[in-house]
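**Student:** Here are the chains, one letter per residue:
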Amino acid sequence: GQNIDQPTEMTATEGAIVQINCTYQTSGFNGLFWYQQHAGEAPTFLSYNVLDGLEEKGRFSSFLSRSKGYSYLLLKELQMKDSASYLCAVRPFSGGYNKLIFGAGTRLAVHP
Amino acid sequence: EAGVTQFPSHSVIEKGQTVTLRCDPISGHDNLYWYRRVMGKEIKFLLHFVKESKQDESGMPNNRFLAERTGGTYSTLKVQPAELEDSGVYFCASTSGGNEQFFGPGTRLTVL
Chain G
303 GQNIDQPTEM TATEGAIVQI NCTYQTSGFN GLFWYQQHAG EAPTFLSYNV LDGLEEKGRF
363 SSFLSRSKGY SYLLLKELQM KDSASYLCAV RPFSGGYNKL IFGAGTRLAV HP
Chain C
2 EAGVTQFPSH SVIEKGQTVT LRCDPISGHD NLYWYRRVMG KEIKFLLHFV KESKQDESGM
62 PNNRFLAERT GGTYSTLKVQ PAELEDSGVY FCASTSGGNE QFFGPGTRLT VL
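These protein sequence lines are chains G and C, in that order. In this text, residue positions in the first sequence follow our numbering: the first is 303, and each later residue adds one. In this text, residue positions in the second sequence follow our numbering: the first is 2, and each later residue adds one.
Please keep in mind that the hints were generated in silico from the structure rather than gathered at the bench. Just so you know, these numbers come straight off a predicted model, no measurement behind them. Be aware that a few hints might be false.
The calculated lysine-lysine pairs, modelled on BS3-like cross-linking and capped at a C-alpha distance of 27 Å, are [what the hints assert, rightly or not]:
hint: 1; chain 1: C; residue 1: 42; chain 2: G; residue 2: 383
hint: 2; chain 1: C; residue 1: 45; chain 2: G; residue 2: 370
hint: 3; chain 1: C; residue 1: 42; chain 2: G; residue 2: 370
hint: 4; chain 1: G; residue 1: 359; chain 2: G; residue 2: 370
Part of the chain C face toward chain G, derived, beta carbon under 8 Å [stated by the list, open to error]:
hint: 5; residue: 32
hint: 6; residue: 46
hint: 7; residue: 100
Covered by chain C, according to a simulated footprint, are these stretches of chain G (three or more residues, beta-carbon under 8 Å) [said to hold, decoys possible]:
hint: 8; region: 344 to 351
hint: 9; region: 396 to 402
hint: 10; region: 405 to 413
C-beta atoms are modelled at their ideal positions from N, C-alpha and C, and glycine is treated no differently.
Using the sequences and the hints, build the whole thing.
**Tutor:** See the structure below:
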């Protein structure tokens, strides 16, 4: 089966650092994605990992360990606008079958 | 460049009625995906078009759902007849073949 787990909710303080974890068990693996979604809006792409290690993009970093089925999204210097849902998604297959399997999302609340 | 657009943004219908959702992908994107999120659950894959052909329709819940992409441009998703459990947010995404799927804002469907 396909299973992706992430915490339901997290809170953090403006200016701080927060780490959102994601564990997955899927029938295959061809990449892990993080998306940000503000309420009522489209999910927007944040990061992509297919090899083990850390990918850094500005205030956002994403880490992957394929052997552990584990990823995290690290958000630094938190801003109020970072309050949103963060979606972890796995692409199980290659060869043109590019559907994403999503976790339920982590709702992050940033407070002053 | 315009993003993925979806119409309508909201639809409220009664059980047994028919509803047609429309998605306009980013111009030139051959790959088009439909996903949906039912209340409190994760976003789930429905199907994937490459141009006008259905590449993967493994997520379509039953034969009340019909997706088309005539001409390989915009796509429609028809639900006929609608049932209460079809309520949720229907997302469309497109990609030119790269890793990032660009999502639309979704259509919120409420079946009463």
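**Student:** Run the structure past the numbered hints and jot down the numbers of the failing ones, going up.
**Tutor:** When the structure is compared with the hints, none of them turns out to be violated.
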